[in-house]
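A.B. asks: Using the hints, put the two chains back together into the complex; each one sits in its own frame.
Respectively, the protein sequence lines represent chains A and B. Quick note: the first sequence uses the numbering used here, first residue 264, plus one each step. Quick note: the second sequence uses the numbering used here, first residue 300, plus one each step.
In short, the hints are calculated from the structure, not lab data. The C-beta atom is built at its ideal place from N, Cα and C for all residues, glycine as well. Wrong hints could be hidden among the right ones.
To be verified - Label-pair restraints from in silico Cβ distances:
1) B/760 / A/394: 41 to 47 Å
2) A/368 / B/786: 46 to 52 Å
3) B/319 / A/360: 42 to 48 Å
4) A/302 / B/316: 53 to 59 Å
5) A/301 / B/769: 29 to 35 Å
6) B/496 / A/335: 15 to 21 Å
7) A/414 / B/586: 31 to 37 Å
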Amino acid sequence: MNPTTPTQPGRLSFGEPAMAGGILALGVFALVRAGSIAEPVTAAGAIGPRTMPYFVGGLLVVTGGITLARVLRGERGEAEGGEDVDLSGGTDWLTAVLLAVAVLGHALLIGVIGWPLAGAALFTAGAVILGARPWWRALVVGLIMAFAIQLVFAGGLGVSLPPGPLLEGVAFLHG
Amino acid sequence: MDNLNLLLQGFATAAHPEYLAFAFIGVILGTAVGVLPGIGPSMTVALLLPLTYALDPTAALITFAGIYYGGMYGGSTTSILLNTPGEASSMITALEGNKMAKRGKGAAALATAAIGSFVAGTLATAALTFLAPVAADLAVKLGPVEKVALMVLAFTTVGALLGRSVSRGLAALGVGMFIGLMGVDGMSGQMRFTFGVPVLNDGIDVVVVAVALFAVGEALYVGAQLRRGPQQLVPVTRGWRTWMTREDWRRSWKPWLRGTAIGFPIGTLPAGGAEVGTFLSYSAERKLARGKAKEEFGHGAIEGVAGPEAANNASAAGVLVPLLTLGIPTSATAAVILVALQHYNIQPGPLLFKDHGDLVWPLVASLYIGNVLLLVLNLPLVGLWVKVLQIPRHYLYAGILLFAALGAFAVHFSPQDVIVLLVLGILGFFMRRYGYPVAPMVVGLILGPIFERQLRSALQIAQGDWLTLVQSPFAIVVYVALLLALGGSVLLRRKEDDLEHELVEAAR
Numbered sequence: 264m265n266p267t268t269p270t271q272p273g274r275l276s277f278g279e280p281a282m283a284g285g286i287l288a289l290g291v292f293a294l295v296r297a298g299s300i301a302e303p304v305t306a307a308g309a310i311g312p313r314t315m316p317y318f319v320g321g322l323l324v325v326t327g328g329i330t331l332a333r334v335l336r337g338e339r340g341e342a343e344g345g346e347d348v349d350l351s352g353g354t355d356w357l358t359a360v361l362l363a364v365a366v367l368g369h370a371l372l373i374g375v376i377g378w379p380l381a382g383a384a385l386f387t388a389g390a391v392i393l394g395a396r397p398w399w400r401a402l403v404v405g406l407i408m409a410f411a412i413q414l415v416f417a418g419g420l421g422v423s424l425p426p427g428p429l430l431e432g433v434a435f436l437h438g
Numbered sequence: 300m301d302n303l304n305l306l307l308q309g310f311a312t313a314a315h316p317e318y319l320a321f322a323f324i325g326v327i328l329g330t331a332v333g334v335l336p337g338i339g340p341s342m343t344v345a346l347l348l349p350l351t352y353a354l355d356p357t358a359a360l361i362t363f364a365g366i367y368y369g370g371m372y373g374g375s376t377t378s379i380l381l382n383t384p385g386e387a388s389s390m391i392t393a394l395e396g397n398k399m400a401k402r403g404k405g406a407a408a409l410a411t412a413a414i415g416s417f418v419a420g421t422l423a424t425a426a427l428t429f430l431a432p433v434a435a436d437l438a439v440k441l442g443p444v445e446k447v448a449l450m451v452l453a454f455t456t457v458g459a460l461l462g463r464s465v466s467r468g469l470a471a472l473g474v475g476m477f478i479g480l481m482g483v484d485g486m487s488g489q490m491r492f493t494f495g496v497p498v499l500n501d502g503i504d505v506v507v508v509a510v511a512l513f514a515v516g517e518a519l520y521v522g523a524q525l526r527r528g529p530q531q532l533v534p535v536t537r538g539w540r541t542w543m544t545r546e547d548w549r550r551s552w553k554p555w556l557r558g559t560a561i562g563f564p565i566g567t568l569p570a571g572g573a574e575v576g577t578f579l580s581y582s583a584e585r586k587l588a589r590g591k592a593k594e595e596f597g598h599g600a601i602e603g604v605a606g607p608e609a610a611n612n613a614s615a616a617g618v619l620v621p622l623l624t625l626g627i628p629t630s631a632t633a634a635v636i637l638v639a640l641q642h643y644n645i646q647p648g649p650l651l652f653k654d655h656g657d658l659v660w661p662l663v664a665s666l667y668i669g670n671v672l673l674l675v676l677n678l679p680l681v682g683l684w685v686k687v688l689q690i691p692r693h694y695l696y697a698g699i700l701l702f703a704a705l706g707a708f709a710v711h712f713s714p715q716d717v718i719v720l721l722v723l724g725i726l727g728f729f730m731r732r733y734g735y736p737v738a739p740m741v742v743g744l745i746l747g748p749i750f751e752r753q754l755r756s757a758l759q760i761a762q763g764d765w766l767t768l769v770q771s772p773f774a775i776v777v778y779v780a781l782l783l784a785l786g787g788s789v790l791l792r793r794k795e796d797d798l799e800h801e802l803v804e805a806a807r
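Bound conformation, chain B alone (with noise of 0.2 Å):
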């Protein structure tokens, strides 16, 4: 019970007006970025990033574990009311959520999207307040054999998971790398791969990176892409106390309980593809569906929705798992938060919980704070999201550029790191048009140093000898482990081209 007490004084930190302000801050902007078409959780915290930065430690965190949830919040909302195909990580959401929308169900879809993220939300936020602790103390129990063994795990997973083509992942994931060895070799003072660029001499600021990669590199492949014409977007009926009826309640509550056991534990693998958990609960609502639900699967059924977003919110707390217990990030945007922690010279990892209990508690807490505000906030405010909706597109994009071109130049003050900006921006381009994910390149580049360490340290005290890695009983489980999602994800993957092939039939 002394996690309760711990989580009990993190309550009152976060309960403080002045932090209660920011969570609400937190979660108004984060959703109100994350409504906004073609940004996703990942880019809502990359670009909010910089406003963070005058902040205190507890009072950013606090804003942060707001932005985090309301980003994910904002992301599906959109997916239910346009009437495009969205983002892979919402996709299963539209699915359903659209066809709904457009039987003049949207606003079931948004009121079980709200209620099943925050059901799924609270029950994964406590699951993780005991669960972290203990995953803590079996961490600070590995050693560095251990941890390289985790870090290829994590990865081999990203890279090749992530996206369509394994060797595509792989190679993102190496240029991350390869960004993340630039500059002074931290063990031995070394200059590596600085090109005689005295910019470069410290390294590529990995914010700069994220905001690049995520922002100017989107605007620049929207700018090249973009949808001309009207924006089609689906009307939803006004006043949310008729939004669900009571057979939307009895049909919602079952997937949301099952969207969470499904999502909850997918996040908290030390692996990539957390947005497994969201295409395997669609998967098994539709298994699972009787009658007329059976009916209305792949026209609109409300099942479609609960489940997954459940699903998805569930494991978005999972990923918060491995990376305050293990350092260890496993998405885009749990790279992302690294980053700002390490801002704050925190170092996620096992002694977290033990050095920095001020800090982390308070941030849980929150995280319940943050579930209960967009509960409160968004059904009522969901006549505010569908303006935001209708932002011209140009003014957009231009202010996505704007905020990116900020973001890169308050890091150090310097127009350099704007330039720097825009070269990884163009790459950005280039990666999103010939097929390769971002994501895993984001977390090469922030793994690949602390793996170096980790396997420098390893081999130091093993005295060089490579067979170390494969002699602790721990670490061969976890490359066994390894080969059995590879070999599971090959099945998966064909199962998912299956029902995709599936439902683009069916939408013709």
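Here chain A stands alone, though its shape is the one from the complex (with noise of 0.2 Å):
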């Protein structure tokens, strides 16, 4: 069923071990960078804004070194299942990449061109990563959804996101 699990050895890729480290590089510097917390006088015994930040940055340092240890010991973490995941096809990374492209630019647009026409490109974009033809039918989709959400929350809600130069003048998407 997983073809990875805890104890079996596998190949050792370099992300396991990256995300292990990060996280004990993470707290290292927790436990460093607390120190420099500015630590108002407070009154006598009470403890400051920086002993939170030690207790913190202590449990990712022994977490992270005991799950770093592990993985180089040839330990695998187990991948997550779920209904739509097939494990033993390996991880397609461009998709993903692709996918994570496709939020960013979608962050980037919404200022210039508003929400809802960035809200079509960002549905259009995924769908098509994802393997939706032809391109132009999940278009229509991506801009009958984010066109229905901006009515949505401008009528239902009263919540106006910001419609964007090009459809600026059309009353209706207004709150």
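C.D. replies: See the structure below:
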């Protein structure tokens, strides 16, 4: 059912130790930087804003360190299953990267072309990256969805998402 | 009987046509989104949160009650009808339910899940009605030291018991707590870990983190490992009158009640691992099975759907007890609900029932109403849910991304939040990929700041004497219980592994 159980040794990838090492590094960073948090003179005996960062940093160093040591000794994390997930096929990194780029593009476009068009762009890009064909059908679905959301927010909830310069004059898109 | 009066008043509020409509919308939305494959209850709640922003608190909470129960129910429909191994929480239901569906008894599996959910939900909500005020009265007497102990219990169990690897679970918890530290420290006004980035000065909004981890992380992850080829859907015979035979009823009612009795108490514990109840119920039913049922276990026994499904819903109601009375969320879904409450400046805890009775009792009442609505709607609407399951996956996950981006943007109307969403979503992707559970991170993020506040006031009262933390009898009891729970979980996990091996073998 799961090709990678925790105890099963497998090929050492770059990502596994990098993830555990990243957590370890975050912990070290937290411990180092905690000392430079300004500590106001507090009432006698009260602990200030540094204690919790030290504690969290320590937790991260210990758990990250243990995980890293285990990974280096050959333990593999068990990738999460799911209804639409096929773990036997390997990871398609390109799709994940393209989807991330689509979200980034959406964030940058909201201010330029407004929410409805940026939203439609995100939906269309996401669907096409995931295999929707033909692309124009995804675009039509995306436009309908984005404008429907805009209308629900403006009409039903009374909150206006920024319609953007192109659609500025369209009154019914405003809350 | 005072509580009964308050509950009746709650019903009077919740039965107001407008609020009834919100409960209705919540149940429909929650089930529809919950049925979508790949979307569990916590993602359902997180994604639909922005929609409730513009409502008044009562309407929002009532809608939420519907979404919560609807999302729970929707998940089990998916696992019965979809011919794929589901996510961990609904895996047990999927084991027998899916086998039943393959043998042509899918309708009976859906019906026993729906009616079992209703029975368990109603009984557990009734138990909640009477237990929560009592628990709140007790909780009032707890000082910071006791609360620190309870939160240590919650942290450790959520971190160590969720997921397969203890070190990874606790690491996820730590990352969540770290994110919780970012921004201005409420007690001293000092900046912590803002990296000089202004957008981080107020900390990262919890909604953004939850949506990023559950929705964006999931969409990226599924995108990278998408099951290609046609979806295998198990056909279900139409006509709900013939769904459950007399024998199905006879075999279902005891597992429903046992599942409720197992699930609710486990849910009420201020400790992680509410889904343990589902597993315990399954193994109890398997042990108790006699004759024909015994033969059917592993090949689609109705008891194996009825019991765990009831346990699942009963513990969902049970989880609300520590959430509402102590302010301690023990599941990712509960953590998101806590965020929703905080959004309305409602701080769950011992005083909630006194200060916000006008909100809590309609919420409890709408849990009852939501249960009834679910039963009435879901049996006839199963044809619609089957259609929902057939949504092309490229549209489904593109839609999840769109709604996630909307949810992050709607918090402050700032595109920067969408970028933070993306960064955390990428983190969620790698966590899934390398076996780090996501739920402890959300719990750590939300509970971390509350824990710090209590810890600091406990030490302030004791003038910096750390021994104060183990000088209360209550706290000592909690710490001992924690040790026992950790010891017990080792045994339980071994048993669970054995069971899983057996099932894998049987499936071959």
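A.B. asks: Indicate, hint by hint, whether the structure satisfies it.
C.D. replies: Hint-by-hint comparison with the structure:
no.	hint	in the structure
1	B/760 / A/394: 41 to 47 Å	60 Å, violated
2	A/368 / B/786: 46 to 52 Å	51 Å, holds
3	B/319 / A/360: 42 to 48 Å	47 Å, holds
4	A/302 / B/316: 53 to 59 Å	56 Å, holds
5	A/301 / B/769: 29 to 35 Å	31 Å, holds
6	B/496 / A/335: 15 to 21 Å	33 Å, violated
7	A/414 / B/586: 31 to 37 Å	55 Å, violated
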